[in-house]
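Heads up: the sequence lines are chains F and B, in that order.
With the first letter of the first sequence counted as 1, position 51 gets the number 51 in my numbering; the numbers rise by one all the way through.
Remember, my numbering sits 1000 above the position in the second sequence when you count from 1.
Mixed in with the good hints, there may be bad ones.
To be verified - Cut-off 30 Å, straight-line C-alpha distance, at most; resulting in silico cross-link-like pairs (BS3-like, lysine-lysine):
hint, chain 1, residue 1, chain 2, residue 2
1, B, 1048, F, 59
2, F, 119, F, 154
3, F, 44, F, 103
4, B, 1002, F, 119
5, B, 1037, F, 119
Just so you know, these hints were derived from the structure itself, not from any lab.
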Amino acid sequence: MAVRVQQEDFDVGAEIAALTAGRTDIGGVATFLGLVRDIAGGDKVSAMTLEHYPGMTEKMLADIEAEARDRWPLDETLIIHRYGRLEPGDRIVLVVTASAHRKAALESCEFLIDWLKTKAPFWKLEETGQGEHWVEARESDDEAAARWRNTPHKATK
Amino acid sequence: MKILYFAFLRQRTGLGEETVDAPAGVRDVAGLVEWLKTRGPGHAEALKDVSAVRVAVNQEFAGMDTLIAANDEIAFFPPVTGG
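Chain F extracted, bound-state conformation (with noise of 0.2 Å):
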């Protein structure tokens, strides 16, 4: 059970290869890899930067990984996300999650990405052809939220 908030890219392979050495009891791994697109609703990003809430973000982050751990019978979970400056096909954030069966891997690694992107204070600057504008909280993105609550815990035991 880990969480990282850096700067530094991250190599996807190395963290899948780290959090699962030496452990026969995990089945399935899944992983959620996000990467910055150079879209955003029609206009071409050429950067973004990325500014959170040191202190509050781990501890945010620490909190959904425990949700999850709670709703699932999970052996190993990790999130990674970075901060400052990014360019188009940099990667943002990892999240990765074992356990003994594929079904509370997957859907825990699903659930994560979704409460950490309406729970996690992270903000977004992008830069395009028109200037910078602060990207706007989606409401797909609280509604992708807002389904897991209900999902009863170790649902997949």
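Fit chain B to the given chain F structure using the hints.
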């Protein structure tokens, strides 16, 4: 108390953080917002539409009716857009 501003609120106030002594009558977040708005045009602009502002008290999401105390850390920011 320590006040933090992020994203567009940081830009409009021109401040990442400030330490303030709110008047004794300020008991909750709503009262603090009203008082902060009197500190300058940037503050008034940043906090004019509270429906676009989220708040955390001591790094926990809070509401306009959350009670506050002298040593609290209170942060104002827009809805989050990470991930």
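Checked hints:
no.	hint	result
1	B/1048 to F/59	holds, 29 Å
2	F/119 to F/154	holds, 21 Å
3	F/44 to F/103	violated, 37 Å
4	B/1002 to F/119	holds, 22 Å
5	B/1037 to F/119	holds, 26 Å
Of the hints listed earlier, the one the structure fails to meet is number 3.
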